[in-house]
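Colleague: Residue numbers (the working numbering), protein chains in the order written: chain H, 743 to 844; chain S, 7 to 352; chain Z, 809 to 1183.
It should be emphasised that the hints constitute simulated quantities derived from the structure, not laboratory data. A portion of the hints provided could be inaccurate.
[What the hints assert, rightly or not] Far from chain S by the CB rule (all over 10 Å, computed), these chain Z residues:
1) 901
2) 904
3) 923
4) 938
[As the list claims (entries may be wrong)] Computed beta-carbon distance windows for the label pairs:
5) S:71 / Z:1116: 39 to 45 Å
6) S:146 / Z:1103: 57 to 63 Å
7) S:217 / Z:1122: 36 to 42 Å
8) H:814 / Z:1052: 17 to 23 Å
9) S:75 / Z:967: 26 to 32 Å
10) S:21 / Z:1099: 40 to 46 Å
Every value quoted in this text rests on a predicted model; they were computed, and no experiment measured them. Beta carbons: idealized from backbone N, C-alpha and C, even for Gly.
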Amino acid sequence: MCLAIPGRIVALGADSHNQAVVEVVGVRRKVDLGLLQEESIQPGDWVLIHVGFAMSKISESEAADQMRTLAILGESEAAIQEIRGYGLEDEKYSSNERGAGS
Amino acid sequence: MAISANKIKFREPQIEMAHGAGGIASRRLVEGLFAPLLFGAASGPLGDAAHIQLNGTRIAVTTDSFVVKPLRFPGGSIGELAINGTVNDLAVSGARAEAMVVTFVLEAGLPTDVLEAEVRAMALAAEQADVRIAGGDTKVVEHGKADNMYITTTGIGRVIPGVSVRPDSVRPGDHILLSGPIGDHGVTILLARGELDMEAEIQSDTRSVFPLVESLVESAGTGVRWMRDPTRGGVATSLNELARDCGLAIALFEQTIPVRDPVRGACELLGLDPLHIANEGQFLAVVAPEQAGRALEALRSTPGGAEARIIGEVREQPPACVFVTTSYGGARLVDMLVGDPLPRIC
Amino acid sequence: MKYVDEFREPELISKAGEEIRRLADRTRHYRIMEVCGGHTHAIYRFGLKDLLPSNVELIHGPGCPVCVLPMGRIDDGLSVTANPDSIFAAFGDMMRVPGTHGSPLEYKARGMDVRIVYSPSDALKLARMNPEKQVMFFAIGFETTAPSTALTILRAKLEGIRNFSVFCNHVTIIPAIRAILDSPDMRLDGFVGPGHVSTVIGCRPYEWIAQDERKPVVVSGFEPLDILQSIVMLLRQLRRGEAKVENQYKRVVPWDGNRAALRAMAEVFELRPYFEWRGLGFISQSALKIRPAYAEWDAEQRFAVPGVRVTDPKAAQCGEVLKGVLKPSQCKLFGRECTPETPIGALMVSSEGSCAAHYNYQHHKPVTIANAVAL
């Protein structure tokens, strides 16, 4: 039920039919943006694609946050407590800044 | 692995599509029905081509039929596949293709210009592969009975002196070499059918691999234990056949397997594994560890071989298995597919 | 591949594996269920079990929509192909699933018009391009896929496409999880929640698992780092004696789900009073059917389907494997009568079914890390 791949919007459809073209490392396909009508989707945005429909807009900041968390996994319990559990709250910590891989 | 003479082990009541897909079912048909009746007790493991002694010369002979939809696709067409496919089967058995005969089964109603385009493609491919088309046969069948055209090519060639490739010469510690990126052809065909509405800069890799094989054999000589061109069923099927024939394990290192970006993208989108996807211009070789480095260099410095890699090695355990290891220490088995790889959404 | 490769970074994966080993209490045996078939597939594909200590056990759950589909439904869907004007369209996942008289691929080999589609909108396109044919889309999937089917039906109505219908087998995940938890044989410590279903339904629907059943749930992505991080988060909760719903897949899953998707589903579908799940039996309010307002696009209204119930052979233990009570290799038919080539139950046919995954990626001889360490 779950094969969904991140893709980059490269073009929006001209008409109002919620169509766009998405690209995944050089493979292009039309996707339907009908499930993301409440978001503003622009070329360059990344979306999660499942059966030709965009399911969700991918949050770059959440992804970067996750990478930061993963990078410090295994460091002292105290540091982990300070960060309070992998971004459950909205606080973003500033220690150990490390760019997310791209 | 000798096959008992005349003992038919194929018990299925009818032929299904899977029997032609090049995987487990195909093997059952060949080993269970054709081999006992046609090849007799003296035959060994089945290879891409048969070698026959004629007056002191080793001659290789092979045949293959080509059924492709659509006939034309980015990077080639059925005609080129028909020539290169047979040239390659001879090449990986250690032989230079010398001559070929061609059979056409044509569907009534096929436009002549379509046929002409394929014949031209074949002429060009034969010239590029330096093989002579010596003759052939044509049949025409009723409309609806041949999917436009079926082409069969039968090729003969001379075995390169000193080359002997057989699964039982494979030893633990041997290296697995791959001539270049995988998955291009199969993904091209899948996308060219148009049903998936996807576009990508991918084309079939159809070509003669003989120049690369020749380079390899020149540099590694008897260190080349086994070769195969991973066509239908992909690298996974070819290596599983080897593993079963030699009883050893084949360990592949995932991060070394070359896959072009768009092929990877299409496979991720469709839930396919590049290891199961057909190739028409690549080959696998098992080479003794002492010669593997030199062999790789030889491939890389031959035109068309720049992307050759060592992708794995032969081990003792677990027997008759092919598995892939990841760089973080995870492992998974790679088995032969039942039929053709199918896109999935789950 | 962006948003994919960074979550497959080998050093970070090793780190996550170490953290799991550090967190797992040696005196405990953890049984964690990953609900979604996509997670089952990912775990095998990436060899993640090799990174876990032996006291952290991953149990495969029933979240495989192909696996839980009774054979009778496949027969019903395929019965439509008897009509020479029909086109049967389905995802690749369905193509090898055996019905009583063969799989869709076998029907195709016999000359019926069976097509593989990547999207329900591709099936609608077939209808547009073949106005003289009746196109029937055989819809499967949990809540991840149902909204796309819903939107496609809405588009068919908008464009007045009359030669298109949907045979709806969409099922919902919560009743399946409830059936697992209600099962007396089950002892589970926590759940790796279905990340893509949750992009639609959000994280709230799992709150009863934490509050009432006192089991932690971590909604997880599908890359190796996602799954490993989710296990870390579950172990942390278990160590602290907590039971909460957490969202590991924050880059994609909104806590409240996707309102447009939920609206589309509510517009087009209603819950069936009950539906048979292969291996789990009849579960009430667990599946979707097309509302009367859209009956014109409902294949079950348009075609007379036989509606025959086909029971699985008694020897097949699909139900117990689906519920995680048995491991695939413990089913008596596994690897013998039941293989990917000759599947008896659907768990062996679908590539994300636990039996097929186990067979294809592990066989009955698991490859241990000692044998498989890369150079």
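Colleague: Give a verdict on every hint.
Modeller: Do the hints match the structure? See the list:
Distance check for residue 901 (chain Z) against chain S: the nearest CB is about 5 Å away, which does not clear 10 Å, and the non-interface claim fails. Against chain S, the non-interface label of residue 904 (chain Z) is violated: not every CB pair exceeds 10 Å, the least being about 7 Å. The beta carbon of residue 923 (chain Z) sits about 7 Å from the closest Cβ of chain S, which is not more than 10 Å, so the claim that it is off the interface is violated. Listed as outside the interface, residue 938 (chain Z) is consistent with that label: its C-beta sits roughly 13 Å from the nearest C-beta of chain S, beyond the 10 Å cut-off.
Between residue 71 (chain S) and residue 1116 (chain Z), the C-beta spacing of about 41 Å keeps the proposed range 39 to 45 Å intact. Residue 146 (chain S) and residue 1103 (chain Z) have their C-beta atoms about 50 Å apart, which leaves the hinted 57 to 63 Å range violated. Between residue 217 (chain S) and residue 1122 (chain Z) the beta carbon distance is about 60 Å. The supplied range of 36 to 42 Å is therefore violated. A beta carbon spacing of about 22 Å between residue 814 (chain H) and residue 1052 (chain Z) agrees with the range 17 to 23 Å that was offered as a hint.
Separation of residue 75 (chain S) from residue 967 (chain Z) is about 30 Å and conforms to the stated range, judged on CB atoms against 26 to 32 Å. Here the CB-CB span from residue 21 (chain S) to residue 1099 (chain Z) is close to 45 Å, well matched to the stated 40 to 46 Å.
The structure does not agree with the numbered hints 1, 2, 3, 6, 7 stated previously, though it agrees with the rest.
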